[in-house]
Amino acid sequence: MEKIHPKCNNCGTILDTINFSAKMTEQWTWNGNSWECVARNSLINEPEQTVKCPECDEIVGNGKDFGF
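Quick note, our numbering runs 570 ahead of the 1-based positions in the sequence shown.
Just the calculated beta-carbon pair ranges, DEER-fashion:
(1) I574 x F638: 17 to 23 Å
(2) N611 x G582: 31 to 37 Å
(3) G637 x T595: 22 to 28 Å
25 Å max Cα-Cα, derived DSS-like pairs, lysine-lysine:
(4) K634 x K593
(5) K622 x K593
(6) K634 x K622
(7) K622 x K577
(8) K634 x K577
Hints were generated in silico from the structure; no laboratory data involved. Computed from a prediction, not measured in an experiment: that's the story for all the values here. Every residue, glycine too, gets a C-beta built ideally from N, C-alpha and C.
Required output: the full structure, derived from the provided sequences and hints.
Quick look at the structure:
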């Protein structure tokens, strides 16, 4: 059975993509010519943080609502 995605209450966009932010750290190394990112790691994934619609940027819930 296909999962039904919720819709944004503001613009009606189907929320099959959402904006959820987490604090990140990146590791950069010098490759001889320039800096390049070799690793990205999440430091904090706060379930109470707001989730926003990617279309209109309105808050559509929090991380817990979307299983984070």
